[in-house]
Amino acid sequence: MHLALTGTIAIVTGGGSGIGRASCLAFGEAGASVVVVGRTLANVQAVAADITAAGGAALAVQADVSRSDDVQHMVAATLAQFGGVGYSV
Numbered sequence: 163m164h165l166a167l168t169g170t171i172a173i174v175t176g177g178g179s180g181i182g183r184a185s186c187l188a189f190g191e192a193g194a195s196v197v198v199v200g201r202t203l204a205n206v207q208a209v210a211a212d213i214t215a216a217g218g219a220a221l222a223v224q225a226d227v228s229r230s231d232d233v234q235h236m237v238a239a240t241l242a243q244f245g246g247v248g249y250s251v
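Under the working numbering, the letters of the sequence shown match residues 163 to 251, in that order.
Just so you know, the hints here were simulated from the structure itself, not pulled from any lab data.
We treat Cβ as the ideally placed atom computed from N, Cα and C, and that holds for glycine.
Among these hints, one or two may not hold up.
Stated by the list, open to error - Here are the computed distance ranges between Cβ atoms for each label pair:
# : residue 1 : residue 2 : range
1 : A204      : R229      : 18 to 28 Å
2 : H164      : R229      : 33 to 43 Å
3 : H164      : S230      : 32 to 42 Å
All chains, please: the whole structure from these sequences, using the hints.
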């Protein structure tokens, strides 16, 4: 099954590894702009680079979602880069 998400924006927490990484890559492959969020900057940058190398749009954001100031930064960075949010995982 092919899912078409062109023009949408997805925030994926825990996106630097495991299921989160797989979710980021799937959203990117489906055409969504992906905000890759995680606590380890190098990991989220690597996933974002994989998405952009495949022709997608991605933003790496280092954040710990248990911290409200990090969540505010994540949302502000997403809005600044992509102008909205369609999905949050």
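Status of each hint after checking the structure:
Look at A204 against R229: about 19 Å separates their beta carbons, and that is inside 18 to 28 Å. Between H164 and R229 the beta carbons are some 37 Å apart, a value that agrees with the proposed interval 33 to 43 Å. The hint said 32 to 42 Å for the Cβ distance between H164 and S230, and at roughly 37 Å that hint holds.
The earlier numbered hints are all upheld by this structure, with none contradicted.
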